[in-house]
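As you go down the protein sequences, you meet chains A and B in turn. Count the first sequence with the UniProt record's numbering and you get residues 1 to 326, in order. Count the second sequence with the UniProt record's numbering and you get residues 1 to 326, in order.
Watch out, some of these pointers could steer you wrong.
[Claimed, not checked] With a straight-line cut-off of 25 Å between C-alpha atoms, the simulated DSS-like cross-links for lysine-lysine are: (1) K44/A x K7/B; (2) K322/B x K251/A; (3) K24/B x K251/A; (4) K251/B x K324/A; (5) K12/B x K7/A; (6) K12/B x K12/A; (7) K324/B x K251/A; (8) K12/A x K46/B.
Worth flagging that the hints you see were computed from the coordinates, not collected in a lab.
Number of protein chains: 2
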Amino acid sequence: MKLGSLKSALSKDGELCVVSRDLKTAVKATHIAPNLREALESWKDKEASLQKLYTDLNEGKAANAFPVKESDFHSALPRTWLFADGSAFIYHIKLVRMARKAALPETLETVPLMYQGECGQFLAPTEDIPQRDFAHGTDFEGEVGVVTDFVPMGVTPDEALKYIRLFVLINDVSLRGLIPEELAGGFGFFQSKPASALSPFAVTADELGEAYKGGRVHLPLNVTYNGQFFGKANAGAMHFHFGQLIAHAAKTRNLAAGTVIGSGTVSNDDHASGSSCLAEKRMIEQIENGAIKTPFMKAGDTIEMQMSDAQGQSIFGKISQKVKAV
Amino acid sequence: MKLGSLKSALSKDGELCVVSRDLKTAVKATHIAPNLREALESWKDKEASLQKLYTDLNEGKAANAFPVKESDFHSALPRTWLFADGSAFIYHIKLVRMARKAALPETLETVPLMYQGECGQFLAPTEDIPQRDFAHGTDFEGEVGVVTDFVPMGVTPDEALKYIRLFVLINDVSLRGLIPEELAGGFGFFQSKPASALSPFAVTADELGEAYKGGRVHLPLNVTYNGQFFGKANAGAMHFHFGQLIAHAAKTRNLAAGTVIGSGTVSNDDHASGSSCLAEKRMIEQIENGAIKTPFMKAGDTIEMQMSDAQGQSIFGKISQKVKAV
Numbered sequence: 001m002k003l004g005s006l007k008s009a010l011s012k013d014g015e016l017c018v019v020s021r022d023l024k025t026a027v028k029a030t031h032i033a034p035n036l037r038e039a040l041e042s043w044k045d046k047e048a049s050l051q052k053l054y055t056d057l058n059e060g061k062a063a064n065a066f067p068v069k070e071s072d073f074h075s076a077l078p079r080t081w082l083f084a085d086g087s088a089f090i091y092h093i094k095l096v097r098m099a100r101k102a103a104l105p106e107t108l109e110t111v112p113l114m115y116q117g118e119c120g121q122f123l124a125p126t127e128d129i130p131q132r133d134f135a136h137g138t139d140f141e142g143e144v145g146v147v148t149d150f151v152p153m154g155v156t157p158d159e160a161l162k163y164i165r166l167f168v169l170i171n172d173v174s175l176r177g178l179i180p181e182e183l184a185g186g187f188g189f190f191q192s193k194p195a196s197a198l199s200p201f202a203v204t205a206d207e208l209g210e211a212y213k214g215g216r217v218h219l220p221l222n223v224t225y226n227g228q229f230f231g232k233a234n235a236g237a238m239h240f241h242f243g244q245l246i247a248h249a250a251k252t253r254n255l256a257a258g259t260v261i262g263s264g265t266v267s268n269d270d271h272a273s274g275s276s277c278l279a280e281k282r283m284i285e286q287i288e289n290g291a292i293k294t295p296f297m298k299a300g301d302t303i304e305m306q307m308s309d310a311q312g313q314s315i316f317g318k319i320s321q322k323v324k325a326v
Numbered sequence: 001m002k003l004g005s006l007k008s009a010l011s012k013d014g015e016l017c018v019v020s021r022d023l024k025t026a027v028k029a030t031h032i033a034p035n036l037r038e039a040l041e042s043w044k045d046k047e048a049s050l051q052k053l054y055t056d057l058n059e060g061k062a063a064n065a066f067p068v069k070e071s072d073f074h075s076a077l078p079r080t081w082l083f084a085d086g087s088a089f090i091y092h093i094k095l096v097r098m099a100r101k102a103a104l105p106e107t108l109e110t111v112p113l114m115y116q117g118e119c120g121q122f123l124a125p126t127e128d129i130p131q132r133d134f135a136h137g138t139d140f141e142g143e144v145g146v147v148t149d150f151v152p153m154g155v156t157p158d159e160a161l162k163y164i165r166l167f168v169l170i171n172d173v174s175l176r177g178l179i180p181e182e183l184a185g186g187f188g189f190f191q192s193k194p195a196s197a198l199s200p201f202a203v204t205a206d207e208l209g210e211a212y213k214g215g216r217v218h219l220p221l222n223v224t225y226n227g228q229f230f231g232k233a234n235a236g237a238m239h240f241h242f243g244q245l246i247a248h249a250a251k252t253r254n255l256a257a258g259t260v261i262g263s264g265t266v267s268n269d270d271h272a273s274g275s276s277c278l279a280e281k282r283m284i285e286q287i288e289n290g291a292i293k294t295p296f297m298k299a300g301d302t303i304e305m306q307m308s309d310a311q312g313q314s315i316f317g318k319i320s321q322k323v324k325a326v
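I would like the entire structure built from these sequences, with the hints used as guidance.
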């Protein structure tokens with residue numbers, strides 16, 4: 001099934017909606033749970049009712065269904081308790097570290113890199129990306145994410161896969177100009193990772209069909225920058241699968257229901273697939289042409305991300321944001 | 001005023017209570033706001049009613065007041081949207097970096113160190129600290145924290161002080177054995193900073209009287225380890241004040257109402273004041289005696305933290321935790 005959160009003046013969590021497979025119609029599900037955050041806290045009790053409503057909606061039998069206007073929707077999960085963002089695409093790590101002349105960690109292929117990101121107020125998927133200072137080096141990062149149920153501390157990677165409830169796309173906004181100093185301090189990302197946006201819709205694994213296997217989503221992430229093709233890297237190239245990322249996050253803590261685990265920037269070493277962030281494109285330009293041509297984002301630049309199924313149907317709706325000077 | 005959150009089977013946010021100045025009686029305030037997290041989201045509308053109830057309670061005029069049993073209370077704010085933990089005591093940074101033979105950042109005295117910690121499920125102040133592996137090097141860290149209202153991005157340090165709504169104590173549980181590898185990876189703390197606990201009660205600035213000045217709480221943090229004196233370092237020794245820490249956190253993002261900003265481990269360079277974490281004591285042993293004597297925590301070890309006013313009255317109630325093998 002597909003779920004979304006209508007923007008609401010009354011609640012920062014939005015209002016829970018079930019959305020049709022073709023993303024054309026939706027129906028409020030607030031009688032089942034007021035919002036997705038709370039639905040995830042009692043998923044076992046809510047799932048069947050939500051699934052029934054989804055079936056009715058797809059069959060045109062849901063009362064009070066309404067046409068979807070994506071800009072009325074917030075991030076699928078407007079706020080939650082933990083965003084643990086991994087970095088599971090090794091090629092991305094290699095390129096961005098090359099860009100900032102940083103060494104590769106010795107445990108590159110054995111221990112996932114992960115930081116804790118802002119999740120108390122995701123940007124809406126069509127909300128402007130605020131930019132205080134162009135020198136901050138504003139960049140986008142296209143990612144796939146999973147939303148988990150409560151996960152007990154110490155879970156194994158294989159067991160961890162069983163706690164995945166939903167999939168989303170993420171635009172993990174990154175401020176490249178602030179990263180070197182933050183990482184040099186030793187405490188990792190903070191100012192360099194401001195609020196991100198999720199896709200308007202979150203979907204269960206069955207919506208991905210055959211594309212979801214081995215704990216990875218084997219589909220290209222379509223990225224369009226300022227209206228031009230930018231990337232179609234396949235998200236199936238994750239070195240660590242989502243079960244490994246969840247297990248890493250849960251090594252020393254339980255994960256609250258509603259935890260978002262990010263894949264890190266989707267990246268393929270085939271350059272014809274393009275990129276899912278500017279930092280990679282800039283580094284590839286440096287390697288191939290000896291000079292960086294592409295600047296970081298400036299006010300007015302637009303970024304779109306989406307992923308389609310084998311039939312060309314958009315799965316998660318579209319992240320479509322513009323940088324705005326503030 | 002003083003506020004607390006009764007543990008509740010119905011809500012992970014607990015039930016909002018007003019607590020008397022002497023911490024002997026409390027009264028539910030759920031008719032004003034169901035929980036502290038939500039009260040903070042509309043503080044302007046709730047503050048006067050809570051203050052009125054506090055006055056009534058202290059005067060013995062509040063209906064349905066009940067005697068306080070601290071173990072019935074969760075962390076003052078059981079869960080929230082952001083825990084931005086600073087490291088404002090320079091002497092602490094010097095000692096722990098000496099311990100792990102890490103260089104001091106060049107910006108030690110000009111830019112606060114800060115990471116984002118687990119806040120979706122604080123431990124209760126009397127809850128066991130779970131320990132999966134003794135080799136993780138379990139340590140406590142005694143801190144003072146502030147809870148903010150919504151803070152706009154780009155706030156100045158002086159302006160930032162105006163957004164402080166409450167003060168708490170924090171036991172920031174740290175797994176020293178996991179820190180070196182995590183910091184070497186470049187992404188900072190994650191597994192090494194599991195769930196922390198807050199004090200049972202959160203208080204407004206007026207409860208601190210003259211002790212709160214210059215954005216710092218000028219009172220000793222009393223730390224007792226396994227029933228013995230461990231530390232009484234004065235929290236007024238912060239190099240960066242809370243306004244500077246809030247402004248650092250808000251440089252590239254708005255802060256959600258309910259954000260907790262931690263001071264970092266309270267630390268004085270006067271060794272007679274003791275320490276607020278084991279890592280410091282171990283390093284001081286190394287410096288003074290040439291060898292570390294104190295091990296990290298093991299199952300059964302107990303840690304207590306509290307802070308008293310000039311009259312000896314406990315301000316925040318007591319954090320009192322025991323390590324438990326899981």
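Each hint, compared with the structure:
A hinted pair counts as satisfied when its Cα atoms are at most 25 Å apart, and K44/A with K7/B qualifies at roughly 23 Å. For a cut-off of 25 Å, the pair hint linking K322/B to K251/A stands: about 20 Å separates their Cα positions. Proposed proximity of K24/B and K251/A is contradicted: the alpha carbons are some 39 Å apart, above 25 Å. For the proposed pair K251/B and K324/A, the alpha carbon gap of about 16 Å is at most 25 Å, so the pair holds.
Straight-line distance between C-alpha atoms of K12/B and K7/A comes to about 24 Å, which keeps the hinted pair within the 25 Å bound. Between the alpha carbons of K12/B and K12/A the distance comes to roughly 18 Å, so the proposed pair stays at or under 25 Å and holds. For the hint pairing K324/B with K251/A, the CA-to-CA distance comes to about 16 Å; that is within 25 Å, so the pair holds. About 18 Å separates the Cα atoms of K12/A and K46/B, which keeps this hinted pair within 25 Å; it holds.
Hint compliance for this structure: hint 3 is the single one not met.
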